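If you're matching them up, the sequences are chains A and B in order.
Residue numbers for the first sequence follow the numbering used here, so the first one is 29 and each next one is one higher.
Residue numbers for the second sequence follow the numbering used here, so the first one is 4 and each next one is one higher.
In short, the hints are calculated from the structure, not lab data.
Because the structure is a prediction, the values reported are computed rather than measured.
The beta carbon of each residue, even a glycine, is placed where N, CA and C say it ideally should be.
Treat the hints with caution; some may be incorrect.
[What the hints assert, rightly or not] DSS-like cross-link-like pairs, simulated, lysine-lysine; straight-line CA separation at most 25 angstroms: (1) 152(A) <-> 186(A); (2) 75(A) <-> 77(B); (3) 178(B) <-> 75(A).
[Claimed, not checked] Among the chain B residues that face chain A by a calculated CB cut under 10 angstroms, a handful are: (4) 41; (5) 42; (6) 103.
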Amino acid sequence: MTEVMYQLKVGNMANFTYVISDIQTHLAAIVDPSWDLQEIFQLLTEKKLKAKHIINTHSHFDHVFGNDEVAKMTGATVIQHSNSRLRKDISVAENDVISIGSINLRVLHTPGHSEDSICLIIDKEAVFTGDTLFVGAVGRIDLPGGNPKDMYLSLYRKVSALEDQLTVYPGHDYGSSPVSTIGKEKLSNLALQAKSENEFLAFMGVG
Amino acid sequence: MYKIEENAETNFGVRRIYMMENAGHGLADFIESKMGEMNTKFIDKRIVAVCGGGNNGGDAMVCMRHLSYNPEAKYTVLLLIDPRDLRTEEARTNWTILTRLNSVELFWSNQIDQIKGRILDSDILIDGILGTGVSGTIREPHSSAIDLINKSGAYIFSVDIPSGLDPNTGQVHDKCVRATATVTFHRIKKGLLNNEKYSGQIHLEHIGIPREAERGILVNEV
């Protein structure tokens, strides 16, 4: 309600970069800058936004490799979960709140795809799910840092417990639409239908 | 009025969001025609909608979206509460639409010194502060906003009823906007006729509520 979100589809891995801006102060956070950085800079100029933070949903290269250049160009500080081993200005953990003007982004630690995966929640409105939850799918658990049991807990205890109305902004454009809602995903996402941890692990091919 | 709207929605399927669209669009059309009459042009005009947290404010937001087809004017929606505290789904929806536009500036504050300049500097004001549910003393910043609107010297268009006027009796319990014109919806509220010095010219706009939706609702229960 006090923010405008821009979803930019970038690169050849169907990544999404997000720019979240506060209407009143024109401050912005850039989530997962990578690939087509020119698009980000153009948007910032066009909408007269001042980038305050760069936030990475996790430290895989396709989500972070624009960090340095965007930080250099804008002076924004880099925020990641404390488990990330990459260079960062601010470490965050579960329930920390990142403010950009009047916008509050709450951190939900959701390991499983990687140790430092986080989701960012705007109360009653939106959740940026990185590579934890996609539209119609979930993130891989076979990459370094992946952990199937953690993924189960993150998806079934944390993400599924979020309010149905939240708009889901995923880290990649892998689904039938670029956005969804928690409610829709709980109903139709096959990876969220397991009745037990074992069933989930079997579905993910590691049971 | 609330009961009629509710009846239209639950028994006739006329959703409130449609009523709000019709209300805001009707208001915008009226303002445009009025400007034509007054030989006033949009160019360089500062048009400010002062909105409270209810559907009256939502109507004004829709109106601004329609008015903004005229690119020569400068449009500002001034919300007297935090947008996250908007009370109705319809008002929230229309606020969210405006957040995605470049043509309407959005500003919110409950601090009088922050809203003062924007109201006093305007050429055309849309009063969407309070609707038909008003009673008793008006709280801040709504109260000061009403004073500032009356001091502004701008053309003032009230949404449905001038903020502060009792729709049934026409009484002013505390204070009230003195409108150039009032665009009232569905039917003319009794209070408007009793107190034209506040309402200014009264224009009735139908917003899609079927006549049948009035059945069974007592006239004095609006």
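Against the structure, the hints:
Simply put, residue 152(A) and residue 186(A) have alpha-carbon atoms about 15 angstroms apart, close enough for the 25 angstroms limit, and the pair holds. Restraint check: the Cα-Cα separation between residue 75(A) and residue 77(B) comes to about 17 angstroms, which is no more than 25 angstroms; the hinted pair holds. Restraint check: the Cα-Cα separation between residue 178(B) and residue 75(A) comes to about 40 angstroms, which exceeds 25 angstroms; the hinted pair is violated. For residue 41(B), the interface hint is violated, since its Cβ never comes within 10 angstroms of a Cβ in chain A; the closest pair sits about 32 angstroms apart.
Restraint check, residue 42(B) versus chain A: the minimum CB separation of about 35 angstroms is more than 10 angstroms; hint violated. Because the closest C-beta pair between residue 103(B) and chain A is about 6 angstroms apart, less than 10 angstroms, the hint holds.
Violated hints, listed in ascending order, are 3, 4 and 5; each of the other numbered hints is respected by the structure.
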